[in-house]
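Using the sequences and the hints, build the whole thing.
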Amino acid sequence: MPFIPHTDDDEREMLAAIGAPSIEALFDEIPPALRVQSLDELPTGLSEFEVLQLMAARARADGRPLCFLGAGAYEHHIPAAVWSTITRGEFYSAYTPYQAEASQGTLQSIYEYQSMMASLTGMQVSNASLYDGATAVAEGCLMAVRANRRSKSARILLPRSLHPHYRAVALTMALNQGLIFDTVPYARDCGHLDLDALTAHDGQDFTALVIQQPNFFGVIEEVDALTDWAHAREALVIAVVNPISLALLKPPGEWGAKGADIVVGEGQPLGCPLSSGGPYFGFMTTRMQHVRQMPGRIVGATVDVDGRPGFSLTLQAREQHIRRAKATSNICTNQGLLMMAGTLYLALMGAEGLERVAAASMARTAELVAALTVLPGVRRMFARPTFHEAVLALDRPVAPVLAALAQRGIQGGLDLADFYPELGPALLLCATETKNGADIAAYASALTEALRPARAA
Amino acid sequence: MPFIPHTDDDEREMLAAIGAPSIEALFDEIPPALRVQSLDELPTGLSEFEVLQLMAARARADGRPLCFLGAGAYEHHIPAAVWSTITRGEFYSAYTPYQAEASQGTLQSIYEYQSMMASLTGMQVSNASLYDGATAVAEGCLMAVRANRRSKSARILLPRSLHPHYRAVALTMALNQGLIFDTVPYARDCGHLDLDALTAHDGQDFTALVIQQPNFFGVIEEVDALTDWAHAREALVIAVVNPISLALLKPPGEWGAKGADIVVGEGQPLGCPLSSGGPYFGFMTTRMQHVRQMPGRIVGATVDVDGRPGFSLTLQAREQHIRRAKATSNICTNQGLLMMAGTLYLALMGAEGLERVAAASMARTAELVAALTVLPGVRRMFARPTFHEAVLALDRPVAPVLAALAQRGIQGGLDLADFYPELGPALLLCATETKNGADIAAYASALTEALRPARAA
Amino acid sequence: MSLALRERLIFEYSRPGRGARGQWPEAPARSALDALPDGLRRQRRPLLPEVSELDALRHYTRLSQLNFSIDTHFYPLGSCTMKYNPRACNAAALMPEFLGRHPLAPVAQGQGFLACMYELQEMLKAVTGMRGVALSPLAGAHGEFAGVAMIRAYHRARDDLERDEIIVPQAAHGTNPATATMCGCVAREVAVGADGDADLEALRAAVGPKTAGIMLTNPSTLGVFERRIEEVARIVHQAGGLLYYDGANLNAILGKVRPGDMGFDVIHMNLHKTFSTPHGGGGPGAGAVGVSARLLPFLPLPIVAREPAAERGAEAPQYRWLGERDLPQSIGRLTSFGGNAGVLLRAYVYMRMLGREGMRRVAEYATLNANYLSARLQQVGFEAAYPQRRASHEFIITLKRAEQDYGVTAMDVAKRLLDLGFHAPTTYFPMLISECLLIEPTETESKQTLDAFVNAMAQILREAREDPEQLHGAPHTLPVRRLDDVRAARELNLVYREPAT
Amino acid sequence: MSLALRERLIFEYSRPGRGARGQWPEAPARSALDALPDGLRRQRRPLLPEVSELDALRHYTRLSQLNFSIDTHFYPLGSCTMKYNPRACNAAALMPEFLGRHPLAPVAQGQGFLACMYELQEMLKAVTGMRGVALSPLAGAHGEFAGVAMIRAYHRARDDLERDEIIVPQAAHGTNPATATMCGCVAREVAVGADGDADLEALRAAVGPKTAGIMLTNPSTLGVFERRIEEVARIVHQAGGLLYYDGANLNAILGKVRPGDMGFDVIHMNLHKTFSTPHGGGGPGAGAVGVSARLLPFLPLPIVAREPAAERGAEAPQYRWLGERDLPQSIGRLTSFGGNAGVLLRAYVYMRMLGREGMRRVAEYATLNANYLSARLQQVGFEAAYPQRRASHEFIITLKRAEQDYGVTAMDVAKRLLDLGFHAPTTYFPMLISECLLIEPTETESKQTLDAFVNAMAQILREAREDPEQLHGAPHTLPVRRLDDVRAARELNLVYREPAT
Ligand SMILES: Cc1ncc(COP(=O)(O)O)c(C=O)c1O
Ligand SMILES: Cc1ncc(COP(=O)(O)O)c(C=O)c1O
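Chains as they are written, first to last, in this note's numbering: chain A, 1 to 457; chain B, 458 to 914; chain C, 915 to 1415; chain D, 1416 to 1916.
It should be emphasised that the hints constitute simulated quantities derived from the structure, not laboratory data.
Every residue gets a Cβ at the ideal spot worked out from N, C-alpha and C, and that includes glycine.
Check each hint, because a few of them may be wrong.
Selected chain B positions facing chain C (Cβ under 7 Å, derived; list incomplete) [stated by the list, open to error]:
1. Pro462
2. Glu505
3. Ala537
4. Ala538
5. Ser541
6. Gly546
7. Gly866
The structure is reproduced here in structure tokens:
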């Protein structure tokens, strides 16, 4: 009973107070036939020491390769102060701040987070996080359908250059509600979303255009023209952005003449470790006019009965616990602690630090691409400017090359064969500010090696 | 300026308020000839990311070998809750609790620690920690000289089987005050402190006898007879104990007819990681009659002006900040945070958990000794019962054997050649509850291997 | 920290040019940004704090102290299972290799992690009696979505296209009807009987050819075990619907009775409740789903598979992710990557520590604590909503009488508890019990803590009689008193704005 | 946590048979203990708490919240250099390989750790201008002991056996005279001049053939730089004594002026001050010592040496511990093992982050902050002890006048500051200034924090005039008000005793 404090005396006294002969008797309303007979499939319990030894061995087995993978999850430096602060019990082990008076720490942090995210994205309001980048895109699409009263079609234009997992999740989460997704192709030579490709939808009733900036290939889109095009057709614009990139790139609130309407994205780059894919957090910001259509929690500043300033959850009538079947979303538990990580990260980096992270990541990837594309058989796939990711075209299948790099302790990037077979052998890679010249040289030399035997053969 | 918050505006406004033209001007009282010209010997600053990468690489270089070393520092399981709690900023970054009202957390914890240590050692009072086991022994000797008014000699009997480092530190720290240390031999066959060896001191004026239980060889001493012998000669008894062993062994307060007078030891086994030798903490407990001779801080329970219970530092007139040259010791900063680790460790283990740790450690070492002494050329050195350490006699020099084990990732124990050349090839080893059957088998098979080539040669 | 002092906003510490510079990388040469098209560059910096590392750390440390949490307070929040979050789970999940592993890393560099995930799937199958488990849903409601989506996919696969009604009992958690809507279904509420069990007549009347399924939790959110669960299952199944088990209450029955054995077709588990991963002030969670055989093909992606060593002619088994090719009928992907891995690791460690023996003890002592607390509160004068029933792991107190007699509401009691050092129970849920408190002590609290809570509640009842103003005005000792929620919603102030200078 | 509620003792949570069982190893077979002689076994269990993991963790978490600390409060404690403790230092020291390394592990399995220690020695030499450094002393006073012991060993080695007097200025820290005594010396106090500098006449009168040395800190504990330090050195050296530098105030001069260059022969450094390792509510510290050439042979053991790769014909340099054989004249060993390694690692990381550029900025901004705070406090009506002098990193305010005019003491001001959210400065030290506050803001605090402190002090001065009772009664908002120290000392209650049942 590792976590159960009851002594024999406690148990006896408690049963006496209840008036039950045994703990077993407390289950007497359960039909006997249903009772579990054995749990033999489960292993026996381990002590903390044993389980931590086991976990250390498993962790060791996975090692710490040099990672040049990006594709939606990015290795950035996380200040030590971030996790040592958010794992303080008062943040770590608290519930959702329904009892405002006993949760001012979490509530004020959320308010600060909302403020930072709104400003970073150039919007007016933010919620307190969604599950992750992919579900944020899906929720953004559902929200657009609610918010755009002019459109009847529930049709969303999704670029093929949007993260393939985000496209997949949007489909899973929105199809049951009758949304229609049209895929917009990217320009084969430059990797961007070409205005020309959109003309097919001219005259059509569609609800929103999704724009990912930079897109899945790392390519920087012409967001102004795209936004204006959609707005001219009374569609909303859903921006999908990497928050780090916003230190350098025009915020969605300033895209085109009127700015994007809904901004979503993956918060992971802001203080969340890669951790095999989660927990991360999805973010969403929008304009004040759409706030009542936004899913997720929102915190507002107010005052108490004595006039002292304080914070509480607000606009709860959008949420499931009040509005039930009519809520904007079924989300309840969100990714609060990760949002806290994002808040601390942004507080420590500030605008200038974030700019440096963005610029260094961009510079490193450029160096990496330069170092690799001097190798024969390796070239850049797309001609357009990129942020901190790029697609390389290889002269042979990517998978064996990656396997050879892995042998040398390097995770060389993502093979795009499954996602974009039309590209031929294509490798998506990324170097953030965590990679230095030596790391890039190590990649280049490992790749030289990896390409050699096949050449000789 | 990683940790300096001043902006240019701040600096300007502050200088204006001071009325100084520049920061440099604030140093104008320092003779110019003395000013530092360059600090070029120092490396340039690193970012947090860079320094953590460097440290991770250094840590990796040291690895995590399987450790069978004891000799005063023991690898025990440390509950994860211990360090996650004591590194909370409120404990971690507070000063010594001189402002009692703003330090009740630390003060109450110390009071609880004192209570636990007093009971564990069977004494009445405890201080709030000394530096480490060795300095605690030295302070114990100095205290005995103050406390034993009957003895004029300032002569202390130190067993040769006391940890050699403790003997060395006692010499360094007490010789300048004119203490005399007589070394008492151990019984060559059994490793214990023989009453017969003490008869040489019969009739002599000596101030105290030091008894380490278990002694450096892990051998359990006949503490009752030794204590009574010393008390019969009006000498005090200074007990040096391993706190984990006290879960099983008679506490010093019950040694002989009257009990030991001063109890000291190394607190490391209670929740402190091995960490290359520190920070650990020394502990000291004694009888109430000697409390005013005790060095170090002491916390007492009291009440505030409203009668509410609270805690504060007490008997400060023993300490350097009040009594200056007449203080019981010069100690000021102690090992507070490690004492906190010990407090949490004891709170989580309780008496039963501590008993289990002690018993499992004892059992593991017995298994290890049994597994190794079946090998030819390996035998137990001493016939007496041991706690969780033992000395093995080898048929060849120990150093090359340990080197061969190290090659196989095993730290096999301590070569006693430097400390006890009279023993011939002797190896002190230890297995705590952290070692399982597989670990012991790994040692046995590595030792088999290590002994083989020499045998063949 | 003295509660008299308000903690400022982080922005109020900010000064232009300040910053935690030790955290910043070197700025690359300006030319590194030349590739960025001018028109797409940011012109004005975002309004982020410019603060020192110390100011940031101190600010958030101080803020943390304004929170109640399990680590500091008894937190008997019904339906939320606020039990001790063991530190070992956190320590394991924070091992650097786990933290540093990229979600798209090759499976060869993830066998340690994937082994944990596979074993977690297997253990969850064993405790729920289901045939397959997917770990990717990111919270309970997300698991609910997956579950109802699978139900829909099941009917669709059988060409049973009319079934778009999800039945939910009146007492259901808000996520249940909200999920039905998210899945394009109509939520249909059915009444609960006076004894807390389902009203079988109402249920029979509700089911039909449009019934996709029913969402239940058992024990229900009323804190009682649905005794005729087999009958309920029969009615729904016979009508062609499937049974969804809302696993939020799994703590009550762990190792005692299994949803699979009760006839459920699909279940989500709140690992952040039953398996004690921390709630983090709002999240993250993990809402793994389990299914019976008929829903296996529809499980969401990805899932971890184990290929035994023998099959591969290898030394060790190999773990890998299953994707679309392996599960062509899957409802698809629900997450950017494989789920809240760090949360799953914590749950895995927790389950390994409990083990076979510990599992059923969770339910036993959670139930003992709830029944004890219910009995004691009734002794001191509180009224249970279902006094004739056994409590499960939670139970409901209704303050109807106190409201009538002294004008004291459930909210008053909740707020006054905060003053007395206890987090409030869940208030006004389930909605069908008026002035209710839903109380869930969990198995990790000691009898002494429960007794202290009873004393506090008894004091409050005394105050209700003698000094109700004390209660209306509560809390008195917290950083703020009751907040003006109306103003918060009417004069929306959702982000900080720089004061005009 | 509501401050109205007292946190009980851990023993009050205890119940026989309870325990954090997940932490306990399996009990071995009883026979495992057969070897223990009956008469030497423990008969009665010690009185340790029997509590659950949750109760223990909650208890100590709540207790922690009763503390002030750097992480939560401005903490201008003079002489203590309470600056920000960077979390990176902690993160590095807690890496599992560092934590797991045994102190007697072979040097081959410690090259990473030893490289850090060697480089730390070198960096400390560079910033102090000394020729050798030993890291083993465990705190400042322990370093003082090492230093004075070296001075004695030096005289002894020259057969200069009469020298057993250590001169200390009146204003010296208590550890200085106490250390003299620990080393078997006589501490001889000398007066300080009215301007805060040494009284050279008094010094000349004090030195002589019995003089072993003098212990100074510069800037002194009066917060001013000893301007005639070279003259002081000359006087002491000419009398045959050595100069000891108490490094507690090194923060004031880091990278600006070096003790070695001022003529000091030996110095201890408080790494837990200048190099920002946390004070842990009382410790641990690290009191590394540095020496000039003449004391090199006497350094305490052990020390880390570096054998360059070339010398060993190896690829990398090799680091190893020097012992008695290497340093036969050493004063010997001062510690069980090699020192407070974890503290040393933290200091090493901190110094690497500061680097060459950061070092002098520490002194610059520490000095700027102190002078600013001193100027502002004088503006609002406080009296500086040495208004005509530059403040160093700290300065003294004297409340003599407030005491005379309103009966308000330094203690009253200190306690009232706690109410206002600031830790009190050091009070009543140095002893020669009456009603004094020794204030050290450190370089890591922002101007805004200093301004807030000035406002609080100004408010207190107002209260002194208008409502002195407010001050005598302070603190009002902390978990306890002023404690009865007399009772604490008279009715000694030093350990918990079980209540009789
Ligand atoms: C009964 C019940 N169902 C579902 C949920 C939803 O779970 P989550 O908050 O993880 O989305 C909860 C938790 O709030 C609950 O109590
Ligand atoms: C001036 C001075 N010297 C010496 C010391 C003693 O240092 P420690 O507390 O580390 O022993 C201190 C610290 O309290 C100090 O302020």
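Numbers of unmet hints, in rising order: 7
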